[in-house]
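Chains as they are written, first to last, in the working numbering: chain A, 430 to 772; chain B, 2 to 117; chain C, 489 to 1094.
Hint data in this document are derived by calculation from the structure and do not stem from the laboratory.
Just to be clear, a hint being listed does not mean it is correct.
Cβ-Cβ distance ranges computed for the label pairs, FRET-style [to be verified]:
{"id": "1", "chain 1": "B", "residue 1": "Ser39", "chain 2": "A", "residue 2": "Asn474", "range": "33 to 43 Å"}
{"id": "2", "chain 1": "A", "residue 1": "Asp633", "chain 2": "C", "residue 2": "Asn832", "range": "48 to 58 Å"}
{"id": "3", "chain 1": "B", "residue 1": "Met38", "chain 2": "A", "residue 2": "Gly624", "range": "37 to 47 Å"}
Glycine residues also receive a C-beta, built at the ideal position from the N, C-alpha and C atoms.
Chain by chain, the residues run as shown.
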Amino acid sequence: MPQRKTILVIGGGVTGMEASARLAEMGYRVTLVERQGRLGGHVDNWDFLFPDRKPAANILNPLKDAINYKVDVKLSTEITTIKKLNGQFISSLSTGDFVKTDVILLATGFDLFDARKKEEYGYGIYDKVITAAELEEYFSGKNGYKLLNKDGRGKIGILHCVGSRDEKVGNEYCSKVCCVTGVKQSMKLREYYPGYEVFCFYMDLRMFGRYFEDLYREAQEKWGVQFIRGRVSEASETHDNKISVRFEDTLSGKPMKISLDLVILLTGFVPASGSTYLKEMLSLDIGKDRFFKPVDEHLKRNHSSREGIFLAGACTGPKSIAESITEARAVSLEISSFLNKSE
Amino acid sequence: MRNNKFGFTIHSDNQINLDERDFNLYHKIISGEAGFMSCISCGSCTASCTAAAYTDFNYRQLCHNIRRGQNDAVAKELSKCMFCGKCSLICPRGINTRKIINLLHKELSKTGQYAY
Amino acid sequence: MHTELFTLPFRAGLTFILLYLFVLLIRWLIRMSPEDIRKITAGFLSSKSISAIREIFSESLLHRKIFKVNPVLGYMHMSLAFGWFLLIVTGSIQSISYKSGEFHLPYYSIFFNKLESTTGTYPLKGFFEFAMDLILLFILSGVFLAFYKRFHSSKLGMKKTTHLKIKDKIALISLWLIFPLRLLAEGATSVIYHNGSFLTESAGNVLGSVISPEIIEMPLWWAYSISLGVFFTSLPFSRYMHIPVEMILIFFRNYGFRTCDKYGPFTNMEILSCSRCGICIDKCQMPESESRAVYFIRGIRDNQLNDLQFENCMMCGRCTEICPVGIDINEMRMISRKNSATDNIGNYDYLHHGKMTRTDVIFFAGCMTHLSPSIISSIRGIFSIAGINYHFMDKDGGVCCGRPLKLAGRHKDAAKLVKFNREEIINSGARTLVTSCPICMKTFIEDYELKNIRILHHSQYILELWKDNRIHLSKQLMTLAYHDPCELGRGLSVYSEPAELLRRIGILKTSYPHGKDSLCCGGSLANTTLSLKEKDQITVEALQQILVNNPQYLATSCPLCKKTFSKLSPVPVKDIAELIFLNIIHDKNQKRRKIFTERKQESVIF
Chain A
430 MPQRKTILVI
440 GGGVTGMEAS
450 ARLAEMGYRV
460 TLVERQGRLG
470 GHVDNWDFLF
480 PDRKPAANIL
490 NPLKDAINYK
500 VDVKLSTEIT
510 TIKKLNGQFI
520 SSLSTGDFVK
530 TDVILLATGF
540 DLFDARKKEE
550 YGYGIYDKVI
560 TAAELEEYFS
570 GKNGYKLLNK
580 DGRGKIGILH
590 CVGSRDEKVG
600 NEYCSKVCCV
610 TGVKQSMKLR
620 EYYPGYEVFC
630 FYMDLRMFGR
640 YFEDLYREAQ
650 EKWGVQFIRG
660 RVSEASETHD
670 NKISVRFEDT
680 LSGKPMKISL
690 DLVILLTGFV
700 PASGSTYLKE
710 MLSLDIGKDR
720 FFKPVDEHLK
730 RNHSSREGIF
740 LAGACTGPKS
750 IAESITEARA
760 VSLEISSFLN
770 KSE
Chain B
2 MRNNKFGFTI
12 HSDNQINLDE
22 RDFNLYHKII
32 SGEAGFMSCI
42 SCGSCTASCT
52 AAAYTDFNYR
62 QLCHNIRRGQ
72 NDAVAKELSK
82 CMFCGKCSLI
92 CPRGINTRKI
102 INLLHKELSK
112 TGQYAY
Chain C
489 MHTELFTLPF
499 RAGLTFILLY
509 LFVLLIRWLI
519 RMSPEDIRKI
529 TAGFLSSKSI
539 SAIREIFSES
549 LLHRKIFKVN
559 PVLGYMHMSL
569 AFGWFLLIVT
579 GSIQSISYKS
589 GEFHLPYYSI
599 FFNKLESTTG
609 TYPLKGFFEF
619 AMDLILLFIL
629 SGVFLAFYKR
639 FHSSKLGMKK
649 TTHLKIKDKI
659 ALISLWLIFP
669 LRLLAEGATS
679 VIYHNGSFLT
689 ESAGNVLGSV
699 ISPEIIEMPL
709 WWAYSISLGV
719 FFTSLPFSRY
729 MHIPVEMILI
739 FFRNYGFRTC
749 DKYGPFTNME
759 ILSCSRCGIC
769 IDKCQMPESE
779 SRAVYFIRGI
789 RDNQLNDLQF
799 ENCMMCGRCT
809 EICPVGIDIN
819 EMRMISRKNS
829 ATDNIGNYDY
839 LHHGKMTRTD
849 VIFFAGCMTH
859 LSPSIISSIR
869 GIFSIAGINY
879 HFMDKDGGVC
889 CGRPLKLAGR
899 HKDAAKLVKF
909 NREEIINSGA
919 RTLVTSCPIC
929 MKTFIEDYEL
939 KNIRILHHSQ
949 YILELWKDNR
959 IHLSKQLMTL
969 AYHDPCELGR
979 GLSVYSEPAE
989 LLRRIGILKT
999 SYPHGKDSLC
1009 CGGSLANTTL
1019 SLKEKDQITV
1029 EALQQILVNN
1039 PQYLATSCPL
1049 CKKTFSKLSP
1059 VPVKDIAELI
1069 FLNIIHDKNQ
1079 KRRKIFTERK
1089 QESVIF
């Protein structure tokens, strides 16, 4: 019986877990390395997912079950070096172990844009300015603190395109999923705090996926969320500790300002710090947006610029969870195809 | 104004006929600063504008109008600009807004649009 | 008689240049105002003339400022200037010693060795011959360095040298030929008449081995005279006009003349005094362009000025600071901008004063600071702790100070904004005006005419508060690099207070270049021509030098610098106010305002 082929999957988010499960199912020996102490990546921090508002656990639990006992999972472990020898990859881990594999799959995902870099919005300066990711933590009750008074009245603002489509912070690309996240969160906020009005400040509304347009309509019709087409330029504090933001209502052509009790920043995706580290070490191509660049955007989406190293998920650019899972399955097939050929 | 075959109009057309608009100013500006074409009308410039807090000067709308061939009142509006530079600092497309203002000033003073 | 014929080219050239200078001076004097003429008559017989002569010595001859740039470069300039001066002086004394009491025309001492070749001894003959040879050697070493500099300029501390036009090249070649030709001519004469010293005799012997000195002697003297004549004649059309004009400039400058707001006789002197030494080129951080100071000045002089040459400039002042002649390049660019700007088109009648507030202290943030709210909240926090009663004049956005308009050459429009803001400042009765933006501060000081009001940068004011014990600071073990902004440093000469204040809270690691030599961040409100990418490139290159000591923070005192650096700096960039507020010792009863906290640990307060 020929020796089983081995695969190293770097990154234990939804992409890494799904790909590991599929590859293990196909009969390969998979090692999954994750730098945090738990699996799930960013999705583990989210509350309810778009478009159907299922809880994040509904995706994560099946994925965790699928790899249980079938994949060698190494948590709290990082990659120190990777070398290629005789057609195989030798990876040394931070625990001191070595892993020898035929193929490497990068599922290193993304980091969120550090909103302190957009200091005009006052993140880190004013208490009432938080990011969308932090809002998810409040929704899921993880944080344990109260955000606003449930019986209170006031205004909440959601700012789109923070750290995306912005040359001034060096990220010209669109992070794709923030718009629908904003719409989803706007409805949740209206539900939890019915006395508060919610305003979304957008440049464009990218409702690209299935049922997204329905979410938008629901936000407008059922929840009365107000959508203002105008990018916020700056935030300042009012005398009664609210946040005053300046924007132009481009559709009426008038500059305006409004005081908000809470400001939520829809921060975009940036390449994960782990991706950058591996990119340097393995000399992989990256695109202008600094995410990994596959060999071809249509027919070889999962092939990195080096043979034997594959890419999947958000490490090649912003994407939704559904797309990441789809890519995880696609790359499993690609890897299997590659390994069959090399025999 | 559309004349019917009887030689007089019943009502004037409220639609703007883009075919008949004058795009010369637009072309002059983009030859001096190509960034003028990159605007996504986000409105950050007007939002941060120092003058816009005091008067109805709207930089985004001004540029938008020029792109649609609407050039009247450009000189009058542009005279309200204090040239402070906040719009250049905030633009997410990295457009050199002050260079465009300078180009507009030069073009408009050539055609004698500044009455004072 | 015929032996003196060869001196004619020299005499013709010298007469030409002296007449030219005389006419030039008369034309300048005619164009001067009565006030200016009074400055001259007042200064002429005063100590100002003495200080002018002293400056001529130390700068035009000894070139002390150039020595500071690079010692070898300084030596090169000095050897040519001072050497030639010594040659003339010693030569004159030599001819006086020979024919004491007689009046000699200038050409006599220049061609002394030939004209008095047949005579016997005279007092100190040997000494003079030795001295003249030594000085000639001194000059020739400079000529050699000048020649070498054309090919290996980096060895003399210059990355780039000025590129020259044809008329410059003619003057350059004739200048370089003068002293070697003198050496050869004197050498030939000394072989025949034995009136040379170590240098000329050796040169003569070498020459004599190749060709008979009797044949070559007169042609060499002719060549020497011609090269001198050509040089003098080319002077007004070349960069070497600076030799006489710089001395005139120094006198007028000592008499109190300054570049003001239009082109006139004084700026004409400055333009002619530019020697195109090229030291300004390396200081300029812009991408390769014809807007470097040296080409800008040449453009004005040759009347071939391209608008971009003064528009595409960051007005950082580094060229003006380093110019060894002290030409006020920045002011000249302002004049050019003023002359070409579309001015008086601004209509600010829509501005109306709100309710006037009476106060002792005004805080003016400025347009740029509003895009960096943490600076504002830090300053307000510091003022609150110190118990300062102040009026935040532009709290709701405010009116621009007017300097961006002035930098663009629109002085009349700037004046309209100045008038509006000035009224509000004066009517408030304030005695102190504190601002967080050096750009605003410069115009407050220069254009607002706020007599009896102290205008301070926030770092200066906060230092005062600390000295008066109104705030207390705790020193940390953090390393800081402080960047002197163009407008605050070179623009207003405020260098020490920000640095002193920072030393109270951290360890200041001085990065080079700093102080007067500090780099421009690239943000520049004065440059509307550069694209965003080109500005980013300037910022990246500046950061490489500023962060060379790997500080933990980069401290700035200008909101535009802060925004420009934050985008590209690998190290966190903070304004001085933010750093002070982070390390201020709070009174226990005062409400704490935390600025940079870990999100997860903090509770969101409603």
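Each hint tested on the structure:
For the pair Ser39 (chain B) and Asn474 (chain A), the beta carbons lie near 35 Å from each other, so the given range of 33 to 43 Å is met. At roughly 40 Å, the beta-carbon separation of Asp633 (chain A) and Asn832 (chain C) lies outside the given 48 to 58 Å, and the hint is violated. For the pair Met38 (chain B) and Gly624 (chain A), the supplied restraint of 37 to 47 Å holds, since their beta-carbon distance comes to about 45 Å.
Hint check: a violation occurs at hint 2 only; the rest are consistent with the structure.
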